[in-house]
Amino acid sequence: MRVGSGLLVLSVWLAACGAPARPPARTSTTEAALPKRGEGAMPPVRASTLGGKLRAAGLDPKDLPPIESLDRRQKLAVMRTFTESLGVACVDCHAGVDWAADTRRKRVAKRMYNELTRVVALDDGEPAYCDSCHQGALFVLDRRDKSKVTDFMTDVYEGKLKRTDGREHDCATCHGDPPDLHFLTAWREHPAPDVAR
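Note that the numbering used here has the sequence shown beginning at 3, numbered continuously upward.
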C-alpha cells in the first residue's frame with residue numbers, strides 16, 4: 003500500500019513539475035492564426051533568413067520576378083514564406099478555402115512583394131524580404147506615438163535599406179510621391195495591379 007501511494011505521489015509531482023504546456027501547433031491551412039491587432043515591436047530590419055527556401059523554389063532572392071509570373075510550385079513556396087514571415091495561416095489572407103478569391107490582405111501581400119520586396123535590399127546589399135521587417139509578426143509598427151514611428155521609419159526603413167534599381171531610396175519608395183501615409187488602406191481597397199518584368 004505504501005509503495006502504491008508513494009508512486010501516486012511521485013507521478014503527481016512529476017506531472018506538476020513537467021515542462022510547461024505548449025500551445026497546440028497549427029496543423030491545417032484552414033485554421034486561422036491571425037494575431038489580435040496590436041502594437042508592433044518595431045524590430046530593426048535584418049537580412050532575410052528565407053533565401054534558402056526561395057532558392058529551393060528556383061528563385062533568386064536578389065532578383066525576384068513579379069508574383070503573377072511564378073508557376074504554381076513557386077507561388078506556393080512564396081506563399082509559405084509569407085505565412086512564416088508574418089506569423090499567419092493561409093486562411094488569414096485567403097477567403098476561407100476559396101484560394102482564388104481576391105481579398106484585402108492578398109492585395110497588400112501582392113503589392114508588398116511586387117513593389118517593395120523586389121526593389122529594396124539592406125544597405126549592405128543583403129536581400130530584404132518579408133521577414134526582414136515582419137520577423138514573424140503581421141503588425142510591426144507601434145502607432146501609439148507618431149513621432150516614434152516617424153523616427154523609426156526614418157532611421158530603419160529609410161536609413162538601413164536601399165533601392166536595388168539605382169533610384170534614390172526615401173519615403174517615396176513605400177509611400178509614393180506625393181507621400182500617402184495611408185497607402186496600405188488604399189491598397190486594400192483596389193485589386194493589386196500586375197507588374198511587368
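No wet-lab data here; the hints were simulated from the structure. Take the hints with a grain of salt, since some may be wrong.
[What the hints assert, rightly or not] Pairs of lysine-lysine residues, derived as PhoX-like cross-links and limited to a Cα-Cα distance of at most 25 Å, are as follows:
| # | residue 1 | residue 2 |
| --- | --- | --- |
| 1 | K164 | K148 |
| 2 | K77 | K64 |
| 3 | K108 | K55 |
| 4 | K108 | K150 |
| 5 | K55 | K162 |
| 6 | K148 | K55 |
| 7 | K162 | K64 |
Predicted model, so just to flag it, every value in this text is computed and none were measured.
Hint by hint, here is what the structure shows:
1. At most 25 Å may separate the alpha-carbon atoms for a hinted pair to count; K164 and K148 meet this at roughly 23 Å.
2. At roughly 17 Å between alpha-carbon atoms, K77 and K64 fall within 25 Å of each other, so this suggested pair holds.
3. Between K108 and K55 the alpha-carbon distance is near 21 Å, which keeps this suggested pair within the 25 Å criterion.
4. At most 25 Å may separate the alpha-carbon atoms for a hinted pair to count; K108 and K150 exceed this at roughly 28 Å.
5. For the hint linking K55 to K162, the alpha-carbon distance of about 24 Å falls within 25 Å, and the restraint holds.
6. This hinted pair does not check out: K148 and K55 have alpha carbons roughly 36 Å apart, beyond 25 Å.
7. For the suggested pair K162 and K64, the alpha carbons sit about 17 Å apart, so the restraint of at most 25 Å is met.
When the structure is compared with the earlier hints, violations turn up for hints 4 and 6 and for no others.
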